[in-house]
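Engineer: Chain residues, written in single-letter form:
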Amino acid sequence: MTRGRIRSKIRRSNLYTFSCLQPQTTDTEGPNAVQGSRVVHCNQPHLHLKKPLKYCSNFISTTKYNVVTFLPKAIFEQFRRVANLYFLLAAVLSLTPISPFTPVSMIAPLAFVVGLSMAKEALEDSRRFVQDMKVNLRKVSVHKGDGVFGYRPWHKIRVGDVLKVEKDQFFPADLLLLSSSYEDGICYVETMNLDGETNLKVKRCLETTLSLDDDESFKDFLGKIRCEDPNPSLYTFVGNLEYDRQVFPLDPTQILLRDSKLRNTAFVYGVVVFTGHDSKVMQNATKSPSKRSTIEKKMDYIIYILFTLLVLISLISSLGFAVKTKYQVPDWWYLQPQKPDGVFDPTNPSLSGFYHLITALILYGYLIPISLYVSIEVVKVLQATFINQDIQMYDEESGNTAQARTSNLNEELGQVDTILSDKTGTLTCNQMDFLKCSIAGTAYGVRSSEVEVAAVQQMAIQEEEEVDLSNFPKRRGGRPVSRDNVERASEIELETVITSSNENDLKPTIKGFSFEDSRLMNGNWSKEPNADVHLLFFRILAICHTAIPEYNEATGSFTYEAESPDEGAFLVAAREFGFEFFRRTQSSVFVRERYTNSGEPVEMEYKILNVLDFTSKRKRMSVIVQDQEGQILLLCKGADSIIFDRLSKNGKMYEETTTRHLNEYGEAGLRTLALAYRKLEESQYATWNNEFQKAKTSIGGDREAVLERLSDMMERELILVGATAVEDKLQKGVPQCIDKLAQAGLKIWVLTGDKMETAINIGFACSLLRQGMQQICITTTNSDALVKDGKEGAKENILNQITNATQKIKLEKDPHAAFALIIDGKTLGYVLDDNMKHQFLGLAVDCASVICCRVSPKQKAEVTRLVKEGTGKTTLAIGDGANDVGMIQEADIGVGISGVEGMQAVMASDFSIAQFRFLERLLVVHGHWCYKRIAQMVCYFFYKNIAFGLTLFYFESFAAFSGQSIYDDWYMLLFNVILTSLPVISLGVFEQDVSSEVCLQVSMLITPKVVLPPYSSYPCCNTYTSTMLLQFPALYQQGPKNLFFDWYRILGWMGNGLYSSLVIFFLNIVIFYDQAFRVGGETADMEAVGTTMFTCIIWAVNCQIALTMSHFTWIQHLLVWGSIVTWYLFLFLYGMMSPLISGNAYQILVEVLGPAPIYWAATLLVTITCNLPYLAHISFQRCFNPMDHHIIQEIKYYKKDIEDRHMWTRERSKARQETKIGFTARVEAKIRQLRGRLQKKHSSNLGAS
Amino acid sequence: MTARCSLSSNARSNLFANSMKLHGILNGLKRIAFTKFSDSRFTQQELPACKPILTPRWVISAFLLVSVVFIPIGVASLFASRDVVEIVDRYETECIPLDNRTDKVNYIQTPGDKSCNRTITVPKRMKQPIYVYYQLDNFYQNHRRYVKSRSDAQLRDNSSASETSACKPEDMINGKPIVPCGLIAWSLFNDTYSFSRNNSTLVVNKKDISWKSDREHKFGSNVYPTNFQSNETLIGGASLDPTKPLSEQEDLIVWMRTAALPTFRKLYGKIEVDLEADDVISVTLQNRYNTYSFNGKKKLALSTTSWLGGKNDFLGIAYLTVGGLCFFLALIFTLVYLVKPRRLGDPSYLSWNRNPGGH
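So the protein sequences, as listed, match chains P and V. So the first sequence is numbered by this note's numbering: it starts at 1 and just counts up by one. So the second sequence is numbered by this note's numbering: it starts at 1 and just counts up by one.
Please keep in mind that the hints were generated in silico from the structure rather than gathered at the bench. Hints are supplied without guarantee of correctness; some may be wrong.
[Said to hold, decoys possible] Straight-line alpha carbon distances no greater than 35 Å define the calculated DSBU-like cross-link-like pairs of lysine-lysine that follow: (1) K326(P) to K299(V); (2) K326(P) to K212(V); (3) K837(P) to K617(P); (4) K104(V) to K339(P); (5) K212(V) to K299(V); (6) K813(P) to K1041(P); (7) K607(P) to K755(P); (8) K873(P) to K104(V); (9) K652(P) to K729(P); (10) K51(V) to K326(P); (11) K339(P) to K127(V).
[To be verified] Label pairs and their calculated CB-CB ranges: (12) E1151(P) to I332(V): 40 to 46 Å; (13) R80(P) to S61(V): 47 to 53 Å; (14) G1154(P) to K207(V): 21 to 27 Å; (15) I332(V) to G1154(P): 36 to 42 Å; (16) S162(V) to N66(P): 31 to 37 Å; (17) I317(V) to K326(P): 34 to 40 Å; (18) I978(P) to R125(V): 22 to 28 Å; (19) I317(V) to A119(P): 51 to 57 Å; (20) D274(V) to E1151(P): 26 to 32 Å.
Cβ atoms here follow ideal geometry from the backbone N, Cα and C, with glycine treated the same way.
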């Protein structure tokens, strides 16, 4: 608290030249014209208790149900499924004599299915409720009257309340900033949860409310706000404050948004304007939709087909029944047709026919598998537990596992086509590390970026491979060459990355500083040539910024609260180099400088004369300082292109080498800035400053233009000092993961709220962009004036850009040319608006990578929707913050990154993983498996029920369509529930077409052979070797191409079912026709025929599933063969029961069927005949038209991967989609470059010897 | 001063190391506390598994195996079926005097003596036991109304005689339960046959023609027919001897086993002497059962059995067909592999090798 007080004395506004240059008096402008009707009485929340001023409370709820609505709503949800509705109807009708079955056999399965699903819903919703309550019960300090503040939970806050929010707290609602702990009423806000931006934002209160800066002053505070109605736009606000009988216009800089965080400011006072669901962040939240997977949607169509079939055969049956009843039954005296009952009345055949229609619909209900949904549900839950328990997606650091939060999208993971990713917190850790620098034309920093490490490693592998190949015919002589080659490989390493193996690699890492080079550390820089330039370089790092130091008592050093993380990294770097920035006053910066390791630190004061702020337009920032000797310096850091344009003639000394270094850094994905300075004469400065001050205080439209021109005038004639390279720390394994995903044929879009420059840098760092890729930037023209006077003009401009770019891509001849599309949020606003979006989408689809920057959460969702609906393919959105919630909910699959602050993204997501890199395993292994499992399972389900259900129909035509089933009721009940469901579940849970080691495999083949001592210590290198390598990512494409659930396959399975039903029924009917079926002369009754038929069905469908499976563990064996055994067991036990229960099935196995050879002969014949076509089909397909997984299975089976390693590695490297983005593409480029260098060296060596 | 500096940096690194250690311990604790999963081969989906794949050898051997097993079974079945001697005599028209053939229904419904003589010649030697069947046609014993119309409880136990609710419309008469109730029992077949060869009677053994379990457990030995066929206006089929318990009424027991198809045979009795070829057997039958209203055929069948049952060539033919088909398929696959072999695990068949570039 005391620290905050001290700091609040600094008039921070002086540091922010541009922001403070705004005219101090706003009353010269008139009040805003407010369109909305919202009125807020400040400090009078009681006025908002009654309509029309009663606004919604600050209670938020994201649950789908509450206690009252759960039952009706959840039941409604359940019976929205056509199949469930049908079964409900059937269950109701089973209470009448119309039903062919007993009521229990209809109601029990339905109750089970619906109950299970509802229990799942309840559990999921209760989790959401708990999360909501956590937020609602957070406490905040509220003005309770008479200048007394007290804590109250968030949900009790009303519009008009005055709040006091303290440092590092979240704002509970949208507030109007009244005052802050700083005298000039500014505060810093972190909006990461809103838009993902990590920069602190400055908010500023109105001049008039500045005085309200302690609790007492709110005793009599009254005011009235008129403002716009609640809306989702984060960056606009229109309103007026009526206070002190005056009207003041309000703009977004006075508004503090819910879910953003107060930073660097001790406290603020604010009045609540929008609460709860009216707040901007909640307005941005789209309603969480219930998602269904593609397979499930398609399954509905199959259900419709089956339903049509069901109705059709029911109609045939009832028509047949009516006709028989009318014309024949009157003669069937044994039925006593003269004594009709309700449903059987030969005198009224049409009514009987109608009743019979219902009977038939229930009877043939077996065509529509009631257990399908529940089996799928069970399978998905089990699949989800496997996902949750996968140790390879377990994050050691956070202790988080992957979580399938909604299990009904598992198989969708295997069909993803486009990934839309957030940047901050997802791809990056939002931590900048100072990695390299170039001072006075010399490059420093030996630690290599991940791309470089991988390039060397990859090359070593390839070299070895080539040698092996060349040695293939003469293995014996291969050894020396091979060793030579290893030497060569390590030579490359030595050359490209100067190793630091002598250094202690285990020394604790410093956050923000990964620099390693003994030439600069410990004051050694003073021994370098041009030590004076080095000194200047470090000073620029230590002085040219706007950060505030904070003493950290725990570590005894200073940490810095900077506006952007790179600035923080610079300061940390400067500190480590011996230039510790430790104090800032209103006008000065104090730095403790130590020139040699043994030397005493010297405290230096630099007077800050001016700060020329950083804006994305200027792309540079300067400070003008006066050191203790009175020397005035302009210190400048900025984008290299900008700085290089402004160098003086004699300042270009290091330009050439620095440019080369900058290119290298850029290629390595680092963020670069160039540093320069200029010495100023006092008189020269004085004249400029005069003008500058005059411009500052002037009021008028061109003020900013004048200021900019003046700054520009000063930032000239610079002298280049060097350049810095900062690594925007990517999360572990991100480039590799992106690379593999790209090879699996997935498209990756990055949607970020960050600046365009940052986004592009990250694009480089994770290989979405690379040098040589043509960047297409689509932006609105810079001059805002043009946009203002013609929205149409802007649109036309954008449209032109899009068509030009599309044309350019079309005309491109080079097949390897890659394009990257970069677009900003403002432009996106126009693009998404109207019919332009399809052109945009067309262009975006043609580009290898797409990066959208400065997009709002709503826009993220809109882009996601555009991709989803425009391409019709499956999209996956991944993000970590509240700003990603919209897109996570909009996409077909939403993935949240857990383990970071804020759980909003995770709460809204369908899956959560601890780190981005786990996405690879989630998609390529689990997604692929789940997709295949579910697809095969659903197909098989329909097959099995068609095979069974149709036999019922055939029998009807032999039973006068009377609705009699040939099977015992118990057989039918058990068919779906026990006898055939477990094998399907085992197929759905345990099937693996190829093992995960084939989907992914540790690069065991490589590491033991090539020794890579320099790398083993590097964390990034360890990551690479221990990261799973995708072996055949292209296998994933079977999912997006939907090879296993297309209509051809579905209809094939249905045809198989039809064939099986015919075989089962007619073979049995003819075998048991009329003659004796045993040596004892007995003829078969209905029970014997029915039981034999059912035995055949059980055998046939279980053998079928065994043929379908390609992976048998003991579980599959147990369940498949166990099902058959269970059937005999059941038959035996059922036969042992009292004949009152078993009826004609009494002792049927022991006495009737067991001793009859014909029973067993029929079973064998029918089973084999049923499966013969399928067997022939798959044999034929495997023989002539093998699919990828077939070949890989064979390779594995014959252990060819071990015998013929080259082939295996070769295929592995080929088994990927042609990619233009990703790590591999870049690594290949790098390899070419290195190889060229190596060759040169070799030839020179040869020449020397 | 130098010393102080280095000390401070030492202290810093010490602190740092300590905090790292602490961090590690915390992490360990966290893992213990939050690790819900076990790192077993089951949860990691790495259970040992056999992964059979259909190699050509497997395919061909499978087809060959099927044909090798099926063809002998087929041959054996055919032989068994051929061994069976079966005589079928259709009599529903012939047993009606020529004058009455215009209105057969009326004839059958009028009481009177309806005996009829038939002669059958034995084509081949028939070894005992020779089973006597009656065969009905177009008789829907599998009609839902018919099948349901019985009361197992009543048949089993005397005390449940009144459980007739399922038997409608043949449940009660004058408020008293019918035993055995229901349409099935009511429509019991009542033609009778007696056989003689060379004027000596061939005894038809009507014992043990039903399932043993039926006699012992389903049809009670203390249940006697009561009120059965007592409605004179509506007599269905045969009457039962009220002095014999149901467990001994084997014709009823056989009849109560409803047939699956509208054409069915039921066992009538057994002749326990051998019949020689060209024996002429005269049958005296009482033609009482009404199949004329629904144009049902009536047949008398005499048949021996083999281990496979009665005469039915279908099973053998089916086995031979499937076996032959499999042999044919095995042949085709063999030929294909000889003519156009595909090396197993040949990577050139991988999709990215077959159409390079495009996927």
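Engineer: Does each hint hold? Answer for all of them.
Structural biologist: Evaluation of the provided hints:
{"no.": "1", "hint": "K326(P) to K299(V)", "result": "holds, 28 Å"}
{"no.": "2", "hint": "K326(P) to K212(V)", "result": "violated, 40 Å"}
{"no.": "3", "hint": "K837(P) to K617(P)", "result": "holds, 27 Å"}
{"no.": "4", "hint": "K104(V) to K339(P)", "result": "holds, 24 Å"}
{"no.": "5", "hint": "K212(V) to K299(V)", "result": "holds, 26 Å"}
{"no.": "6", "hint": "K813(P) to K1041(P)", "result": "holds, 28 Å"}
{"no.": "7", "hint": "K607(P) to K755(P)", "result": "holds, 31 Å"}
{"no.": "8", "hint": "K873(P) to K104(V)", "result": "violated, 73 Å"}
{"no.": "9", "hint": "K652(P) to K729(P)", "result": "holds, 31 Å"}
{"no.": "10", "hint": "K51(V) to K326(P)", "result": "violated, 58 Å"}
{"no.": "11", "hint": "K339(P) to K127(V)", "result": "violated, 48 Å"}
{"no.": "12", "hint": "E1151(P) to I332(V): 40 to 46 Å", "result": "holds, 44 Å"}
{"no.": "13", "hint": "R80(P) to S61(V): 47 to 53 Å", "result": "holds, 51 Å"}
{"no.": "14", "hint": "G1154(P) to K207(V): 21 to 27 Å", "result": "holds, 23 Å"}
{"no.": "15", "hint": "I332(V) to G1154(P): 36 to 42 Å", "result": "holds, 38 Å"}
{"no.": "16", "hint": "S162(V) to N66(P): 31 to 37 Å", "result": "violated, 54 Å"}
{"no.": "17", "hint": "I317(V) to K326(P): 34 to 40 Å", "result": "holds, 39 Å"}
{"no.": "18", "hint": "I978(P) to R125(V): 22 to 28 Å", "result": "violated, 51 Å"}
{"no.": "19", "hint": "I317(V) to A119(P): 51 to 57 Å", "result": "holds, 54 Å"}
{"no.": "20", "hint": "D274(V) to E1151(P): 26 to 32 Å", "result": "holds, 28 Å"}
Hint compliance for this structure: hints 2, 8, 10, 11, 16 and 18 are not met, and every other hint is.
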